[in-house]
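Student: These are the residues of each chain, in order.
Number of protein chains: 2
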Amino acid sequence: MALIVQKYGGSSVADADSIKRVAKRIVDTRRGGHDVVVAVSAMGDTTDELLDLAHAVAPIPAPRELDMLLSSGERISMALLAMAIHSMGFEARSFTGSQAGMITTAEHGSARIVDVTPFRVREALDDGAIVIVAGFQGFNRDTRDITTLGRGGSDTTAVALAAALDADVCEIYSDVDGIFTADPRVVPRARKLNVVSAEEMLELAANGAKVLYIRAVEYARRHGVMINARSTFSSGQGTYVLAEGMTAPEGSEADQMEEPVVAGVATDLSQAKITVIGVPDVPGKAAEIFKIVARSGANVDMIVQNVSAAATGRTDISFTLPKAAASAALRALAHEQADVGFENLVHDDQIGKLSVVGAGMRAHSGVSATLFEALSTTGINIEMISTSEIRISVVVRGDDLAEAARVVHTAYGLDGDTEAVVYAGTGR
Amino acid sequence: MALIVQKYGGSSVADADSIKRVAKRIVDTRRGGHDVVVAVSAMGDTTDELLDLAHAVAPIPAPRELDMLLSSGERISMALLAMAIHSMGFEARSFTGSQAGMITTAEHGSARIVDVTPFRVREALDDGAIVIVAGFQGFNRDTRDITTLGRGGSDTTAVALAAALDADVCEIYSDVDGIFTADPRVVPRARKLNVVSAEEMLELAANGAKVLYIRAVEYARRHGVMINARSTFSSGQGTYVLAEGMTAPEGSEADQMEEPVVAGVATDLSQAKITVIGVPDVPGKAAEIFKIVARSGANVDMIVQNVSAAATGRTDISFTLPKAAASAALRALAHEQADVGFENLVHDDQIGKLSVVGAGMRAHSGVSATLFEALSTTGINIEMISTSEIRISVVVRGDDLAEAARVVHTAYGLDGDTEAVVYAGTGR
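Just so you know, the protein sequences line up as chains A and B, in that order. Just so you know, the first sequence maps onto residues 1 to 428 in my numbering. Just so you know, the second sequence maps onto residues 1 to 428 in my numbering.
No wet-lab data here; the hints were simulated from the structure. Hints are not guaranteed to be accurate.
Each pair may be met inside one copy or between any two copies, as identical chains are not told apart.
To be verified - Only pairs whose alpha carbons sit at most 20 Å apart, straight line, appear in this in silico EDC-like list of lysine to aspartate or glutamate: (1) K210 x E107; (2) K291 x E343; (3) K210 x D348; (4) K285 x D28; (5) K20 x E49; (6) K210 x E244.
These numbers were taken from a predicted model, which means no experiment stands behind them.
The following block holds chain A by itself, in its conformation from the complex (with noise of 0.2 Å):
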């Protein structure tokens, strides 16, 4: 007997019969010996509505009557999949986030959990209830406020209770059947890979991949929780994502997988790019600028900086940073132009950015000429680059993306035998 925390996104309970399909799954679990504790998003689009209509009363919401509203959303799929459970026959208590003890720093709307107190969970366990807990939503102990952990913040509630109830592991449903080699979106024979290293998934989701939320894959790495990726709608045993030093279950399909130098391929669009010219090279003005950018909102990926022109002493720097923060920093930047003395600032917003993960890397050379070789043998050209430890990235034009990425997933032997099956919603 295992206790397993189970985490299910908007999509997978977005009406009645959802609710119904997914309590089902949870009885199953049940039947099958376990205990259960499960982390649950708002229905469907319950999230955005609440925001229109909170943008309706109030231009500038107040943040935590904000948090109050929102977190209204997940009391109400609690409530109905306990309900569900209940009239399958099977004990089950809904806890909201204060109740279920996620005690979290006091900024609304991106509060981060600081404290996990399950003690109401424990106790229902111990009745042999199955226990549903509302995701996103946690409670600051010195305001005794409600809060919201933001983004992704459901996939972290159930990381942190898997991590606080030492869970065996915590199972997060979405559509998709679990961690693609590439988006089959975009690369139709992208193969869905039965194990990825946490710091592997950490590099995919940083650069585009959709699946899991950077947050909680790190929470789950610090605090040694087994993440099982999977579909709520198939029996698939989906990705199991590993922190160091762990294995995946006996009997999985991944117990017995050769780890691949290259685990995946990550597409990102979301990017833009800005590239300052003529800027004096002189110590600090890379400083200066990027200073600017930060205090505008924006979290820069990745720089370039050219060589500077001996004849002008002047170089050009140019970074990308989410396409929806560029017009605050080129504004920022625009008016410091005197001060920084810059000649002039060019944005473009048609990049791709493609990356190649893999733990492997460290230990096999020649990865990053593959990738060199299969796009310039396509004639798709390389705008920048930038590395960690187990990836490499590069900007190419946006029109070019989806073939870059074919290539590359292919020139990397990590092509299938069939194509994907694709969803058409993204799992949350």
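Once you've looked at the hints, dock chain B against the given chain A.
Tutor: Then chain B, alone, in the frame of chain A:
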């Protein structure tokens, strides 16, 4: 500077525009120099929609989870209302029932308030904030679970808060201008009352008047809370409901009124009549019958027993009860027919009940004669009669009820000079 508790029903906060209108009304009260605490219901049809969802996932929803589900409706409306006030430049803080200290019994769906510990409400008032409290919900200390108060719960929340905070007045807003001498949809010449005594209000509410809930009026009477029933959509002073020893506020329309003998005429089409025919006229038979009816879950209202026919030694017993409870009561009686020994059951759901209510009846004679004469002149037959110290009720044919109400209203001199404005909704 006064402390004013206000309650807004679901139709007053049905959408973003209504919420903004209510927010403005609250802000205007605050601008008048008063402290304001608001109890708010769920938006429009939210509660019914949540109930539909519950029944779609579970034929008989688990009561604990149903309360968790339904209580989310008020969290949504209260957070939106607080945001709207905030964006008008006023500090506002919303609290759930449990945060506001509404301590209840553990009966899910029909919990009773046993204590109110509004520490956080007081703190927020001391900080100069407008306080918004979720109506209809509370918290049980033993189970640590969320409860709901049942029908009219938000009115009760408001009155209980007013009592605990020692507020000057509890304003209950709906879409009607106050308490009328009759339902204006039935009696077009009905007049708004400026004051009504709590005991009259209880009789009116118990006999079909729908503006205030009995529980809330009873709570107000017991704890000495002055209720002011008024409209969200007009600036009229509404009706003051005064417990013993209270007088209407100085300067209100109400403080110079002479108390009339009859306060109002209530009509009720929600009851059915059951007649048990040929009951053996021996002691204990009535008790037997009403025990059976009570066990079926029905609340019996009026009872009439005919004089026994000497020849047969049998009598007929008629009683009224809510239409919705009639079929269960009939089944229960039929099941025990042999034991009780009655001959037949007759069910009549085409009845109407007319009640005349007035504290002045205690001191004046001839009040009932006016009623009977008015009806007999119009040729309306009286089928049953019951009285209390300050009320006379009669049962007539349902089709005759409106006409009966109009002639009785005229006979007691209650008619106004103009026809009342009639609204579509009920204010909940």
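Student: Compare the structure with each hint and give your call.
Tutor: Outcome of the hint check:
1. K210 x E107: neither (25 Å within a copy, 44 Å between copies)
2. K291 x E343: within (18 Å within a copy, 94 Å between copies)
3. K210 x D348: Neither: 24 Å inside a copy, 64 Å across copies.
4. K285 x D28: neither (61 Å within a copy, 54 Å between copies)
5. K20 x E49: For K20 and E49, only the inter-copy Cα distance (18 Å) is at most 20 Å; the intra-copy one is 23 Å.
6. K210 x E244: For K210 and E244, neither the intra-copy (22 Å) nor the inter-copy (66 Å) Cα distance is at most 20 Å.
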